[in-house]
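Colleague: Below are the chains, spelled out letter by letter.
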Amino acid sequence: MKAFRLSLTLLFWMPLAAEARLYVLIDQPSEHRFPIAIADLIPEEGGKSREWSEKVSQKIRDDLELTGLFELIDPSSYPRTAEALSPNPATIQFGPWSLIGAQALVHGSYASESDGMRVSLHLYDPYLGQHLVGRKYQAREKEIPVVAHHFADEILKTLTGERGAFSTKIAFTCLAGKKKEICSMDMDGENQRQLTHHKSISLSPAWSPSGNEIAYSSYAGGGNPEIHILSTRGESRRITANETVNLSPVWSPQGFLTFSSALKGDTDIYLMDGGGKITRRLTESYGIDINPSWSPDGRSIVFASERAGRLHLFRADATGSGVRRLTFVGYHNDNPAWSPRGDKIVFQGMDMGLWDLFIMNADGSMLQRLTASTGNNESPSWAPNGRFITFSSDRHGSTQIFIMREDGSNQTRLGPKKGGATQPAWSPWFE
Amino acid sequence: MVLDLKKAFYWSSTFHLTLFVFLVLSPYLPFQSFRVRDERITWITLPKGAGNILGTPLQKSKDLPKSTIEQQKKGAEEKPKKTDRMKMSEKKGEKPGKPTTETEEEKRMKEVLARISKEVGEQKPAVPAVVPEAAQIPETKPGGFTEGSGAGMVVPPDDPERLHYQLEIRRIITDQWIPPLQLRKMGLICILSIRMNEQGYVLETKWEQKSGNEAFDLSAERAVRRAAPLKPPPERLKWEALNEGLSIEFNPSLLDAPGG
Numbered sequence: 316m317k318a319f320r321l322s323l324t325l326l327f328w329m330p331l332a333a334e335a336r337l338y339v340l341i342d343q344p345s346e347h348r349f350p351i352a353i354a355d356l357i358p359e360e361g362g363k364s365r366e367w368s369e370k371v372s373q374k375i376r377d378d379l380e381l382t383g384l385f386e387l388i389d390p391s392s393y394p395r396t397a398e399a400l401s402p403n404p405a406t407i408q409f410g411p412w413s414l415i416g417a418q419a420l421v422h423g424s425y426a427s428e429s430d431g432m433r434v435s436l437h438l439y440d441p442y443l444g445q446h447l448v449g450r451k452y453q454a455r456e457k458e459i460p461v462v463a464h465h466f467a468d469e470i471l472k473t474l475t476g477e478r479g480a481f482s483t484k485i486a487f488t489c490l491a492g493k494k495k496e497i498c499s500m501d502m503d504g505e506n507q508r509q510l511t512h513h514k515s516i517s518l519s520p521a522w523s524p525s526g527n528e529i530a531y532s533s534y535a536g537g538g539n540p541e542i543h544i545l546s547t548r549g550e551s552r553r554i555t556a557n558e559t560v561n562l563s564p565v566w567s568p569q570g571f572l573t574f575s576s577a578l579k580g581d582t583d584i585y586l587m588d589g590g591g592k593i594t595r596r597l598t599e600s601y602g603i604d605i606n607p608s609w610s611p612d613g614r615s616i617v618f619a620s621e622r623a624g625r626l627h628l629f630r631a632d633a634t635g636s637g638v639r640r641l642t643f644v645g646y647h648n649d650n651p652a653w654s655p656r657g658d659k660i661v662f663q664g665m666d667m668g669l670w671d672l673f674i675m676n677a678d679g680s681m682l683q684r685l686t687a688s689t690g691n692n693e694s695p696s697w698a699p700n701g702r703f704i705t706f707s708s709d710r711h712g713s714t715q716i717f718i719m720r721e722d723g724s725n726q727t728r729l730g731p732k733k734g735g736a737t738q739p740a741w742s743p744w745f746e
Numbered sequence: 024m025v026l027d028l029k030k031a032f033y034w035s036s037t038f039h040l041t042l043f044v045f046l047v048l049s050p051y052l053p054f055q056s057f058r059v060r061d062e063r064i065t066w067i068t069l070p071k072g073a074g075n076i077l078g079t080p081l082q083k084s085k086d087l088p089k090s091t092i093e094q095q096k097k098g099a100e101e102k103p104k105k106t107d108r109m110k111m112s113e114k115k116g117e118k119p120g121k122p123t124t125e126t127e128e129e130k131r132m133k134e135v136l137a138r139i140s141k142e143v144g145e146q147k148p149a150v151p152a153v154v155p156e157a158a159q160i161p162e163t164k165p166g167g168f169t170e171g172s173g174a175g176m177v178v179p180p181d182d183p184e185r186l187h188y189q190l191e192i193r194r195i196i197t198d199q200w201i202p203p204l205q206l207r208k209m210g211l212i213c214i215l216s217i218r219m220n221e222q223g224y225v226l227e228t229k230w231e232q233k234s235g236n237e238a239f240d241l242s243a244e245r246a247v248r249r250a251a252p253l254k255p256p257p258e259r260l261k262w263e264a265l266n267e268g269l270s271i272e273f274n275p276s277l278l279d280a281p282g283g
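So the protein sequences, as listed, match chains A and B.
Per the working numbering, residue 316 is the first one in the first sequence, and the count goes up by one each step.
Per the working numbering, residue 24 is the first one in the second sequence, and the count goes up by one each step.
Since the hints were derived computationally from the structure, they do not count as laboratory data.
One or more hints might be untrue.
[Stated by the list, open to error] Simulated coverage check for chain B against chain A, where a stretch passes if three residues somewhere in it have a Cβ under 8 Å from a Cβ of chain A:
(1) 85 to 98
(2) 186 to 196
[Unchecked claim] Cross-link-like lysine-lysine pairs, in silico, BS3-like; alpha carbons within 30 Å at most:
(3) K472(A) to K261(B)
(4) K96(B) to K472(A)
(5) K96(B) to K130(B)
(6) K208(B) to K472(A)
(7) K97(B) to K472(A)
(8) K229(B) to K261(B)
[To be verified] Output of the computed footprint for chain B on chain A, the stretches with three or more beta carbons under 8 Å from beta carbons of chain B:
(9) 383 to 389
(10) 643 to 650
Computed from a predicted model, the values in this text were never measured in an experiment.
Every residue gets a Cβ at the ideal spot worked out from N, C-alpha and C, and that includes glycine.
Generate coordinates for the entire structure from the input sequences, incorporating the hints supplied.
Modeller: Shown next as structure tokens:
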């Protein structure tokens, strides 16, 4: 009988006892940036150029800083012991790196060789003592930025799963004397080069999906602006000759060229096949339709149109059908750029007499501002990973190229110092 | 024969009465409506950050928004936000020190909030400098930057001490959890059980459930290790914390909430 009563009591209390363990739900990550230490490269036998070593690590720091994801631990707090800085990955002591709070450590070494340097770069998790990624490079001094950008891409890929855009380029319209040409530079503003030499006015560069060609509109040859294509070999060829205004070329993800043209009197958007033949008129309405941008899946385009009176943004299917209006506020909303992730559209709009940049969801909702009180900000273009936006701004006088994060933070000037740079176009990844 | 019937009746009554009490009181059985005891549960919606970051509403702009996303974020960071309590008192037109007629439920809620705030760390109430704004906000589907106004976390504070200890642990570990970015919205979940000593040092960790992704699991384990020593458990929870330990579920589901 006692046993029966006891079991009854236990049965009663059992469900309550099961609650004893404390349960904690962690339903959001920290808003802290990811703390990372990037040590200067250690010389192996034959390595002597300290400047070389610092340049690589500083370049990696600069790249990672741009992302806004990392907290770069102050190098003055780095451990100085030989074990913590051992050039041999197998003998590195990670304890001191954990103590300064590093959740990732970039560590490398270099050695002089007859035709340059041999560089080893590694990424570790100091807490677990785990090797995350490592790369070896054979490089000459002028290739320092290439090495640093490449390894910064590897770091981003490893720690975030997201492909970095540090090895990409930005094409833009630049001033060459009194003429306008197409130029390019690395995404950090270095390595600026003039690509065209028409001695005319060339505008609106746009990269092909592979990054092998740049389409642009140029007055070269006199008369009206025609669409040209520039190859990586530096050869330029004209692909339209219709003696009307041809502007704002852009490539579809499938590699078809799309541009605005006044072929039928009114400026509309046309699609061209690989052979240079116009295959479809995508828009046909009263008022100009200009500056198309493709969704990353190639199924839709967004463009600026005057069909509603003032310039506003509209979205259509890839065939030009199913047009619907996206913006209902502001006026002169122009130069839309569809994000590589497909979820956002950034564009320029006129407000208080100045151009500023705005961003909205691809369905037109949640329209928010990215720039304010910094002169004119125009011609946005996305980095291929969708993390940055490049644009031109005259906030410092003459127009220069800037980049910023997708939320408008960390607006950074890339150059050129002399100004006169407009219409930046961010390249895709170069395979 | 008569005696046997009485005995049977006695045991049958005892059994059925015990069964009735068990069914009514057991929290796992669906007979809650028959509960006889007076259970006063106060539901408090704690927004994203569990009280550390309190919500600011997203204002609908009729024209192009005037403030940038960055300005809104900075405004939200620099200026402490209005607390739920402030909003509540504003709505009712209360003045400090003025006696008001409060319901029993409101009094209880205030008590619970005061206790949680005291232990977790109070945020000074103030109005944000820049109210987050956007144009063309859809009626039913907010998105973009809406710090603090995402889906809330509903916590039944029937045991305030337990709740605020859980919140404190949550805050400390959340602060250290930096999972790989690409894994944050993949629906990964891992559960780690830990055992600690009286000083809050983690003695042992054990996986209750792995996410299937090593980097995600490592980030969770690292967060716990880096958060140690955890806050020592209060006296009432000591037995549970030291003997049963803590189950910590890493589930970044708030990121899927609007504005997350």
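Colleague: Confirm or reject each hint.
Modeller: Hints, one by one, checked against the model:
1. With 11 residues having a beta carbon nearer than 8 Å to a beta carbon of chain A, the region 85 to 98 of chain B meets the requirement of three or more and the stated coverage holds.
2. Chain A is given as covering the region 186 to 196 of chain B, and this holds because 5 residues of the stretch bring a CB closer than 8 Å to a CB of that chain, at least three being needed.
3. Between the alpha carbons of K472(A) and K261(B) the distance comes to roughly 43 Å, so the proposed pair goes past 30 Å and is violated.
4. Using a Cα cut-off of 30 Å, the hinted pair K96(B) and K472(A) holds, with the two alpha carbons roughly 27 Å apart.
5. With a C-alpha separation of about 34 Å, the suggested pairing of K96(B) with K130(B) is violated against the 30 Å cut-off.
6. Between K208(B) and K472(A) the alpha-carbon distance is near 16 Å, which keeps this suggested pair within the 30 Å criterion.
7. The suggested pairing of K97(B) with K472(A) holds, with an alpha-carbon distance near 28 Å, which does not exceed 30 Å.
8. Under the criterion of a C-alpha separation no larger than 30 Å, the hint pairing K229(B) with K261(B) is consistent with the structure, at around 20 Å.
9. Counting residues of the region 383 to 389 of chain A whose beta carbon lies closer than 8 Å to any beta carbon of chain B gives 1, which falls short of the minimum of three for the stated coverage.
10. Chain B is given as covering the region 643 to 650 of chain A, and this holds because 3 residues of the stretch bring a CB closer than 8 Å to a CB of that chain, at least three being needed.
Figure legend: structure checked against the earlier numbered hints; hints not met, in rising order: 3, 5, 9.
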